[in-house]
Amino acid sequence: MEDRRAARPIESRAGRLGLFPDGPTNLKIEAKIGGRRTAVEFSSVDGEMRFTIDGRALDANAVEIARGVYSILIGGQSFEVRVESEGAALRVSIAGREYSADVYDKRQWRRCRGATAEAEGRQQVAAPMPGKVIRVLVKPGDSVERGQGLVVVEAMKMQNEVRSPKSGTVERLLVAEGQAVNSGQGVAIVN
Amino acid sequence: MFRKILIANRGEIAIRILRSCRELGIRAVAVFSDVDRASLHVRLADEAYPIGPAPSRQSYLAIDKIIGVARQAGCDAVHPGYGFLAENAALPRACTAAGLVFIGPSAEAMQRLGSKTAARQLARETGVPTVPGTIEPIQTLDEALATARATGFPVVLKAVAGGGGKGMRTIEQESDLASAWRDAASEAQNAFGDGRLYLEKYLVRPRHIEIQVLADHHGHAVFLGERECSVQRRYQKVIEEAPSPIMTPDLRRAMGDAAVKLARAGGYTNAGTVEFLVDASRNFYFLEMNTRLQVEHPVTEMVTSLDLVKLQIAIAAGAPLPFSQGDVDLRGHAIECRVYAEDPENNFFPSPGKILERRVPTGPGIRVDESIYAGWTVPNEYDPLLGKLIAWGSDRDEAIARLKRALDEYYVTGIRTNVGLFQRILDSPDFREGEIHTRWLDDFLKQQSPTSEARSRASDSVGDAAAIALAMWHASRNAGSSPHSANGRSTAESQWKTEGRRDQLNRAPDA
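As you go down the protein sequences, you meet chains W and D in turn. Using the numbering used here, the first residue of the first sequence is number 3, and each one after it goes up by one. Using the numbering used here, the first residue of the second sequence is number 32, and each one after it goes up by one.
So that you can see chain D by itself, here it is in the shape it has in the complex (with noise of 0.2 Å):
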């Protein structure tokens, strides 16, 4: 087993890997970027190295930076975690080149079943179903134009080097399909360096559903379930879900059956995800394989009872599966909903800043796995994924009871978050009816503005409490300008001033 691994990411997902670690006896080694300094992955890791500016290019994308911070620490592996460098093939060819582990498939497996073409073909050979369209890469729009007519509008661009959205587009009618070009393509090019695109057929309606994979290195694999994720705002995944709400016995061992045999004939190893698309006839069709954990494998665990990172780490050090096919038992039901730095109101925009107060809610079936703290400014330069919010429960419904409730508790003050959507979404009754597909939020978020709810009347009770909140407010702030303020504005503020500075040094470190 490994003694200490370098985890090469931040966030959330750096604190996700480095509590494996901790709980396996590993030390974990941090690295960050200039204004990642204070950010909780350094704060908890063992070991934490700086490793360059805020640009990811400088820093979390700087292979040799990375690997030099890995063998100057005396590492023996490195986990990539998701998004920067995990599905990079350069980061497993330089680990293996410095004599490290890479926690994750081996380079050539990542490149056969990460690009999404070569593993298009590959499930073409290997009697995976895929969707219509191009495998290769469309060189020109004509070429596009003469595709998108032989599979019938609507067709979707996507980037070949892609992921979470970026360079993808979807095309209703032919006469957006040139500005939709060039958008695509600059979009993916600005993303990923490489601005080559691919098309395919829309499928109307589809289900996102994706299987878990895992592979040792002695010829054992496995799948642990599936993953819904159709809840998608513009192709990126808001809510995930296991097991999905249309899930049959019998489809999932077909789907997982597939998935597997293309990790097999791939030469897989490690945790993976086969994302398919699942048409209203049930049909499933190959989409891409995801050659890294994501962020939505906590609702694996949770109705596993696995970790699969302790699984990822264990698999990299030569250790087989300890468990088949038949020993995999799912319980339950799990739904994550990722919190965003981002303000619902105001088109999504990113809203980085000073973290003020938060509550982070606790109690039966609810898991948390984010990386901020009070006090703490979000950065501008990275994703603004502040965490997930994960609940189990029985059955579906006590699961979005519980997410439900988790949700009442949490707040954070000080920046904007998407917190309000997902209420919005697991009293929809189309969510609770399980009756959604990956464009069914886009449609919901137009017909639900968040504004007109913003607008609409608070009940009595409630409106008298916000109004009562509201004076406390208005005392406290305006406490210099008060007519009653006998001694005066400037002596007022003053002690506002020194009462909020006593306030800052009562504060408890990690409040």
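In isolation and in its complexed conformation, chain W is listed as follows (with noise of 0.2 Å):
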């Protein structure tokens, strides 16, 4: 079962959305992959592509298979990369492996997506998947370690503790037991 829907260079999808409408155009961004910033440079001159990596000047050609799927070829050398949101960052997926990444819009400088949040000060913890609050496992005023379990909740019949980021004090607790959740629900705030 190969996608069925016939692949598509990026420019071409770029032109017709009215990207790039005026001919050359070109697109400049920071990404930053497993902790490493890059710097791209993306144009397009009569449906030829160009990136430029970090200054370098790259023999590159990029097809969006699949929303997400991106076929690249550098220097004759076959890479499949998958992009995802995940939360406020990004994964990429390339040769079996996974990282975290970030875009950050050059031009704009600004960040785009993805705030990689520190686990220092007031944090609100969320639950990662809609289930049940089964049980709590902290008071307010408790201290907490980091890595420890405040809430368990139950979904697809397995208990999974939903942990602290940080050590700290349980400032409040925002679920009670029986209670359901839903992804991304603050289940407690810890400072």
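Calculated directly from the structure, the hints in this document are not laboratory data. Note that the Cβ used here is the ideal one computed from N, Cα and C, for glycine as well. The reader is advised that the hints may include incorrect statements.
[Stated by the list, open to error] Dumping the calculated SDA-like pairs for lysine to any residue here, alpha-carbon to alpha-carbon at most 20 Å:
hint : chain 1 : residue 1 : chain 2 : residue 2
1    : W       : Lys-168   : W       : Gly-149
2    : W       : Lys-168   : D       : Asn-378
3    : D       : Lys-96    : D       : Asp-77
4    : D       : Lys-435   : W       : Arg-99
5    : W       : Lys-134   : D       : Ala-85
6    : D       : Lys-385   : W       : Ala-68
[Claimed, not checked] Simulated restraints, written as ranges between beta carbons of each label pair:
hint : chain 1 : residue 1 : chain 2 : residue 2 : range
7    : D       : Thr-279   : W       : Asp-144   : 52 to 60 Å
8    : W       : Asp-144   : D       : Ala-104   : 51 to 59 Å
9    : D       : Thr-182   : W       : Ala-182   : 37 to 45 Å
10   : D       : Gln-103   : W       : Pro-142   : 52 to 60 Å
11   : W       : Arg-124   : D       : Arg-180   : 46 to 54 Å
12   : W       : Asn-63    : D       : Asp-428   : 29 to 37 Å
13   : W       : Arg-38    : D       : Asp-214   : 36 to 44 Å
14   : D       : Ala-121   : W       : Ala-182   : 27 to 35 Å
15   : W       : Gly-149   : D       : Arg-180   : 26 to 34 Å
16   : D       : Ala-432   : W       : Glu-179   : 44 to 52 Å
17   : D       : Pro-185   : W       : Gly-57    : 54 to 62 Å
18   : W       : Glu-147   : D       : Ile-166   : 38 to 46 Å
Put the two chains together into one complex; each comes in its own frame, and the hints tell you how they fit.
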């Protein structure tokens, strides 16, 4: 069951979208992949793609195969890359490995996606998936260690602890036993 | 032979059974809960009937509804698959009462061999070695403590009604016993409606090796070699293979004979699995019997060239086994990995949701038993098993290489899966050498956390390709806010949406 939709070169889709309406066009971003920052420039001149990475011009060609799935040729080497958003960040899968990633738009110099929350300061701890709170393990005022379980959420017949991202004090509990929670819903605040 | 079989299950196993029915010219009847209306087992079935809301107690565990559908649809037989009602003796009883054939053992044999305590008792009586510990359920914490002191720590608490690691706790030292007792009992109560526990000695670094048995109604019983399932995460099997890398012909014969002896002693018929723990000196101890088809049955099928579901159906229909022990021929090596909707980087949390894109591996030696498709939403009410990826090779090395190749081809987007975990396991020297035991994976995961890998630096061309993909992703996602968009934000966005809708319309129905 290969992807059935015909692969389209990126720039033709971008052209149809009115993304690059005036012929020659370019895009500058900074990508952060697995902690490493890379500056990428992309231009499309008369339908020909040009990529420059950290100042190096690359002989590269990219095709979007399906939503978030790209076939990329660099000097004849073939790569398949998948990009998915995950929460506030991005995830890139390539050559059997996965990396967390972020993209910043260089022109606007702002982060476009992603905010890698550091486990410092006041933290709202979210349920990573929908389910039912079957046990609350802490109460407001308790001091907790990083990684300590706060509540137990049952989903898909499995019981899973939602853990504290930092050492600190439980400021508030946002759920009670027996309550259904959605993915991303806050269960507790740890300060 | 049967004319029409009801499959009292869902997911990949319902489809697995349905496929054998098709090949035998038997009509397959599916049942489904409200959240499974669009599931693949319903789409592939000859007939499908709703049996109630999502919670399994009101649908897949509701014997009266299932029997009602079977009678109304004019079925001759019921196949339970695994999980749900597969090991509940009330189902074979209800089938018999309704004039239906249950494809599995009799209710009596199921109770004799499916109850861990009864089966261990029978094993001791028939001279099959068992792990030291209690046979009867333990009543109190004090009793547990006394038994644990007598056998010596580490010990393991297990649910009498249990399976799949639920209601099970390993206790390294006396001080951990009380909390483990409470957790295991409440987990068992929640999972099985039966909080009773028993206790046994925990063997250090044991291997889990199980024997597939088949017994007909004419007194014939055979074993189909073994499966090694030592790669487990918290007692849940993750990778299974046949044959076991440590097996010798003598050990296989001894374990196989013990398994057949136990099955015979229990009056067992149909397909079943006798599970053993094997220690470093290759002593084997009876663990429990699974009185049903197992998740990992495909690896046995691959090395024996048999179709276990067809054999189950034939046995249930009263046919004698079409071969004897001497005809069982094991060829090559097969390895299976269980693909779950769960996030290895987030403590293996279940990751239900909608599947956006996917690719299924194919090619030489590859078998995929699964129940998913692009556009399908994985419900969060059931076990998150998406399917199984199985590779066959002429030897273990080829099977590993093929499985790795297939994993490279496999992807699912939209939800998280544990596929990346298998690459790490298959690459590990311990696995390649076959140096594994039931706690090996838990140790391996502690040493090699996926986050450290995620942080590792990409090589240059891989990094370049990833960067280009991110630029492409950014270009298409942020079309509306691009400073280059002469038409302005709203136009570009609406065109993007139009394009998105067109994509939906163009998608083949079962892509």
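Inset, instruction - Note whether the CB distance of Asp-144 of chain W and Ala-104 of chain D lies within 51 to 59 Å or breaks it. - result: About 55 Å separates the Cβ atoms of Asp-144 of chain W and Ala-104 of chain D, which means 51 to 59 Å holds.
Inset, instruction - Confirm or reject the claim that Gln-103 of chain D and Pro-142 of chain W have a C-beta distance inside 52 to 60 Å. - result: holds (55 Å)
Inset, instruction - Quickly compare the C-alpha distance for Lys-96 of chain D and Asp-77 of chain D to 20 Å and report which way the hint goes. - result: Distance ~19 Å between Lys-96 of chain D and Asp-77 of chain D Cα, so the pair holds.
Legend entry - Given pair status - Gly-149 of chain W, Lys-168 of chain W, alpha carbons within 20 Å: Distance of about 7 Å is within 20 Å: holds.
Inset, instruction - Confirm or reject the claim that Thr-182 of chain D and Ala-182 of chain W have a C-beta distance inside 37 to 45 Å. - result: holds (42 Å)
Legend entry - Pair hint Lys-134 of chain W and Ala-85 of chain D, alpha-carbon separation not exceeding 20 Å: holds (14 Å)
Legend entry - Consistency of beta-carbon spacing, Glu-179 of chain W to Ala-432 of chain D, with hint 44 to 52 Å: holds (49 Å)
Inset, instruction - Quickly compare the C-alpha distance for Lys-385 of chain D and Ala-68 of chain W to 20 Å and report which way the hint goes. - result: Roughly 15 Å between the alpha carbons, so the hint for Lys-385 of chain D and Ala-68 of chain W holds.
Inset, instruction - Check the following: the C-beta atoms of Pro-185 of chain D and Gly-57 of chain W are separated by a distance inside 54 to 62 Å. - result: Holds: the Cβ-Cβ distance is about 58 Å, inside 54 to 62 Å.
Legend entry - C-beta pair Gly-149 of chain W, Arg-180 of chain D: status relative to the range 26 to 34 Å that was hinted: holds (32 Å)
Inset, instruction - Look at the Cβ atoms of Ala-121 of chain D and Ala-182 of chain W and judge whether their distance stays inside 27 to 35 Å. - result: For Ala-121 of chain D and Ala-182 of chain W the Cβ distance comes to about 30 Å; the hint holds.
Inset, instruction - Using the beta carbons of Asn-63 of chain W and Asp-428 of chain D, state whether their distance is inside 29 to 37 Å or not. - result: holds (36 Å)
This entry satisfies every hint, going by the numbered hints stated previously.
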